[in-house]
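**Student:** These are the residues of each chain, in order.
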Amino acid sequence: METGLDFSFIFALYEGASGYPATENDCDSYADIIGNPDFPVMADGENLISGATPMTQERHPEMCGIAPDMTIISCYYGHGGYDRALDDIKAHAGL
Amino acid sequence: MFPSTLTFAAALLLGAGCGGEIEKEGSDDGAAERGEPSCSDDSDLDGDGVDDCVEELLGTDPESEDSDGDGFTDAEEIDCVSDPLDGDELCYACGWEHNDPGNLESTGSSTGDVMNNFALVDQCGEMVDMWDFYGEYHVLYMTAAW
Chain A
1 METGLDFSFI FALYEGASGY PATENDCDSY ADIIGNPDFP VMADGENLIS
51 GATPMTQERH PEMCGIAPDM TIISCYYGHG GYDRALDDIK AHAGL
Chain B
1 MFPSTLTFAA ALLLGAGCGG EIEKEGSDDG AAERGEPSCS DDSDLDGDGV
51 DDCVEELLGT DPESEDSDGD GFTDAEEIDC VSDPLDGDEL CYACGWEHND
101 PGNLESTGSS TGDVMNNFAL VDQCGEMVDM WDFYGEYHVL YMTAAW
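Protein chains in written order, with the working numbering: chain A, 1 to 95; chain B, 1 to 146.
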């Protein structure tokens, strides 16, 4: 999708395929599954993201738009959340 | 953390011809007496791929290919956007840049806050600081692998 905006993903897994807290092996495997992307796939088995953002791990997927200065722009959940987060990022960037 | 991205960019620009205020060998003009750096065109005493002029500008050791002794040459650290003067900061294996400006302060965990810094392991098996993703828009996407 052409957005006219430089942005990237940061993927974070809170649980691995086994349902246990995600580990390094889980993010390595997940990166393989999604084609070894040029963005980070990280393991958050200790729930650090849910402590640092409005995301709760009660639904998935969840996502937040993050500004260049690391400000949390907005957060959503569900597969439609990505488009809404991207819209908010574009608005934040003045596009 | 790299001292300054602007400094880094300036250094690269100056590297081609040793411009700016750096004095060149043979045209010292009293620079040494004034404590200003001096260097010669295109010289690279340590052979690390970073011109001595640029090393002077960065503060790295022109006679050591690895100024901070962390196992990565100065050139490698400049290339991967890691601080060649900080032995605790290494190039990320996955290629992420160290973009934490060093002056961020978390304001909370709600919308509108500067998020907290923490480190997570990535697909290359390294701990990566979130604030190293400073400087670009991101979608932080959290899910489960199942």
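Since the hints were derived computationally from the structure, they do not count as laboratory data.
If you're wondering where the values come from, they're calculated on a predicted model, not measured in any experiment.
Check each hint, because a few of them may be wrong.
Okay, the calculated bits of chain A under chain B, using three or more residues with CB under 8 Å as the criterion [what the hints assert, rightly or not]:
| id | segment |
| --- | --- |
| 1 | 7-16 |
| 2 | 22-31 |
| 3 | 42-49 |
| 4 | 61-74 |
| 5 | 81-92 |
Chain B residues, not near chain A, derived (Cβ > 12 Å throughout) [as the list claims (entries may be wrong)]:
| id | residue |
| --- | --- |
| 6 | Ser43 |
| 7 | Asp88 |
| 8 | Glu105 |
| 9 | Val128 |
Just so it is clear, CB atoms sit at the ideal spot from N, CA and C, and this is done for glycine as well.
**Student:** Okay, which hints does this one fail, numbers in order?
**Tutor:** 8 and 9
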